[in-house]
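Which chain is which? The protein sequence lines are L and F, in order. With numbering that gives the first Met the number 0 as the guide, the letters of the first sequence map in order to residues 0 to 365. With numbering that gives the first Met the number 0 as the guide, the letters of the second sequence map in order to residues 0 to 162.
Hints listed in this document are in silico derivations from the structure and should not be mistaken for laboratory results. It is possible that some hints are incorrect.
[Unchecked claim] A short list of chain L residues far from chain F (calculated; beta carbon distances all over 10 Å): (1) VAL96; (2) ALA130; (3) TYR136; (4) ARG137; (5) GLN146; (6) ARG156; (7) ASP162; (8) PHE164; (9) GLY245; (10) SER266; (11) GLN288; (12) ILE310; (13) GLY311; (14) GLY331; (15) CYS356.
[What the hints assert, rightly or not] These stretches of chain L come out as covered by chain F in the derived footprint (C-beta under 8 Å, 3 or more residues): (16) 246-258; (17) 271-282.
In this text, a Cβ means the ideal position worked out from N, Cα and C, and glycines have one as well.
The chain contents come next:
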Amino acid sequence: MKGRTGAIALLAAPLLIVAGLLAVILLVFVPSTQANACGASRLLDLADVPDGPIAGYTGEQLDNAAAIMNAGASAGFQRDAQTIAVMVAMAESGLRVLEAGTAQRPDGLGLFLQPDDPAWGTSADRLDPQASSLGFYRALAGLGPWQQLEPTVAAHRIQGGDDPFRFESFYAPAAEVVGTLAGGGQVVCQSGYLVFPLEPGFQMTSPYGYRGQVVPGQTINPWHAAVDLQNWPGPCGQPVYAITAGKVTVVAGYQVSIKSPDGYTVSYLHMWLPDVMVDVGDDVIAGQQIGRVGNNGPSTGCHLDLRVNVIGNTNPLLDDLPRAENDCTNAGGRRVCGPVGFVHPEAFYDAFGVELCPADTCRRTY
Amino acid sequence: MTHHQFGGTLLAAALLVVLTGCSGPAPVSPVPATSLPSTTPTEPVDDPEVIVAPTADADSQAAAIETAERATAAFARPQLNPRAWYDGMLPYLSQRGAEAYSGTDPSAIRVTAVTGDGAVLEGSTDVLLIVALPTDAGTYNITLTRSGVDEAWLVERIRPAAD
Chain L
0 MKGRTGAIAL LAAPLLIVAG LLAVILLVFV PSTQANACGA SRLLDLADVP
50 DGPIAGYTGE QLDNAAAIMN AGASAGFQRD AQTIAVMVAM AESGLRVLEA
100 GTAQRPDGLG LFLQPDDPAW GTSADRLDPQ ASSLGFYRAL AGLGPWQQLE
150 PTVAAHRIQG GDDPFRFESF YAPAAEVVGT LAGGGQVVCQ SGYLVFPLEP
200 GFQMTSPYGY RGQVVPGQTI NPWHAAVDLQ NWPGPCGQPV YAITAGKVTV
250 VAGYQVSIKS PDGYTVSYLH MWLPDVMVDV GDDVIAGQQI GRVGNNGPST
300 GCHLDLRVNV IGNTNPLLDD LPRAENDCTN AGGRRVCGPV GFVHPEAFYD
350 AFGVELCPAD TCRRTY
Chain F
0 MTHHQFGGTL LAAALLVVLT GCSGPAPVSP VPATSLPSTT PTEPVDDPEV
50 IVAPTADADS QAAAIETAER ATAAFARPQL NPRAWYDGML PYLSQRGAEA
100 YSGTDPSAIR VTAVTGDGAV LEGSTDVLLI VALPTDAGTY NITLTRSGVD
150 EAWLVERIRP AAD
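Work out the full structure: start from the sequences and follow the hints.
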C-alpha cells in the first residue's frame, strides 16, 4: 500500500511541477488575457444606443460613449482601451462635449477636455467626438505597454493633473456602460477597481438590515450588516475575490478585512483560516483570490458574508450612503440599530454604477 | 495496522469529512445559508462579531504623520522639472505610489506649502492609515501603508480631500 502510494507520488511529482509552471504562466498573463476576455470591440449602430440610464448616464451621454467606443473599434482598440477612454471622458466632461474649459483645465475642450495644443488638433477636432477620441487612443498607444498600468495611472499620464487616482471611481461605471452598449454585459469581466466577490452566477441568501431573527430568551442583535452570497450548487470551496484593492488588516477567527487606500473597509466572513490566501500587511488588487467560501463561525451553510464599513472613508461617492447605526427598528419595545459605520453592500456597488445582484444572474432566496 | 494507527486513520477521515463537509453530492433544492446569531445561551452578541483591526501605537502614528508631512512638502514643488520632482518624492513612496506618480507633470500641482499639523483619520489600522494635512490648497489626505508593524510607513496616495 505504502509502496504503491509512493510510486504514484513519484509519477505525480513531475505532473505537479508542470501544472505549477502552467499556473505561474497563467498568473503572469492574467492582466492582458483578462482584458481581452472582457470582449473584443465592434462597431455599434448609433441608432440603437439606448436612452439609459446605464450607471446613471443617459441620452446624449450614452451617444457620446458609443462614439468614443466606435472611434476605438475603428482604430483597432479592444474593450479594455474603450473602457479607459470612456472612463476619462466621464471624469473630465461627464460624457458631454464641453465647449468651454473648466477651472482645473481652462483651455480644455470637448469630451476629454483636451488642451489648446497642436498635439490634440484644431478646436474643431477637440470638439468632435470621433476626432478627439482618436486623439485619446493615439496618446494611449503612445504610452507603450499601457495594459500593464492601472487604468487610472494610464489616464493620468495622458491627461495630466496632480492626482493619479482621480479616474479610479469612474472605471466601474465606464465598464458598465461599455459592457452594456457592446452587448453581452459586463458581468463576466472581472477586472478594474470593483469586482464581484464570487464567480458571477452567485445567489443572495440573506439581506442586509434588521432580520428579526431574535432567538427566544436571548438579547441578540438581529441586525445583519452584510449580504450573504453563495454559488449554487456546490458553494463550499468556491473562490472568494477581493472586491476592491487595499491592505489586508485582519485575518482572524472567521474574518478577513481589507482596507482601501480610500479608507473604507470590506470584510469577508466565514472562510476557514487554512483556506485564506493572504496575510495581514499584504497588498491585494481587486479580483485577487483571497480564499475559499466556507462555513466557519455562526453560519448555517457555506456562504460569504460580505460587509462594508465606511469609518475613515475619504471617497466622496460613499459619503451619502445611509449608515447602519442610523437605521433603527422598534423590536418588542426595544430600539435596535445597526452596528456603527456599516453600509448596505448593494448601495456600495450602486455608488460605482454597478449592480451587485442583477435580476438576470443573481437569485434572491429570501 | 495497529489499533492506534486505525484510530488515527478514523480520526483523520472524520476530520476530513468535517473540513470538507460540502464535498458530497449537492442537495437538489437550495438551502439558503445565512449568518446566524451565536448560540451562546446567555450573553448578548452582535451578529456576527466583527473584529476591528488593531491601530498603530502613538509613536508609530507620529512617525506616519511626519512621513506624510515630509512627502507632501516634497509633493508641493510645482516649480521643479518632472525628473527632480519625482526624485524628491521617491524616498517616501510605496511601490504602488512610485508607479502612480511616475510621469507626473508637477506644474499642475496646486499645493505649494503645508500649513498645519497632520491628524490621523478615524478607522486607522497598524498597516494602513490616512493622515489629513492642511495645505495652502486645502486639506489633503495622505494614505500611508506598511507591510508590518516594524516597517517604515510609505506613501501610497496624496489626494485633495473632497470639498
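Outcome of the hint check:
no., hint, verdict
1, VAL96, "holds, 23 Å"
2, ALA130, "holds, 24 Å"
3, TYR136, "holds, 18 Å"
4, ARG137, "holds, 17 Å"
5, GLN146, "holds, 14 Å"
6, ARG156, "violated, 4 Å"
7, ASP162, "violated, 5 Å"
8, PHE164, "violated, 6 Å"
9, GLY245, "violated, 7 Å"
10, SER266, "violated, 6 Å"
11, GLN288, "holds, 18 Å"
12, ILE310, "violated, 4 Å"
13, GLY311, "violated, 2 Å"
14, GLY331, "holds, 14 Å"
15, CYS356, "holds, 14 Å"
16, 246-258, "holds (count 10)"
17, 271-282, "holds (count 5)"
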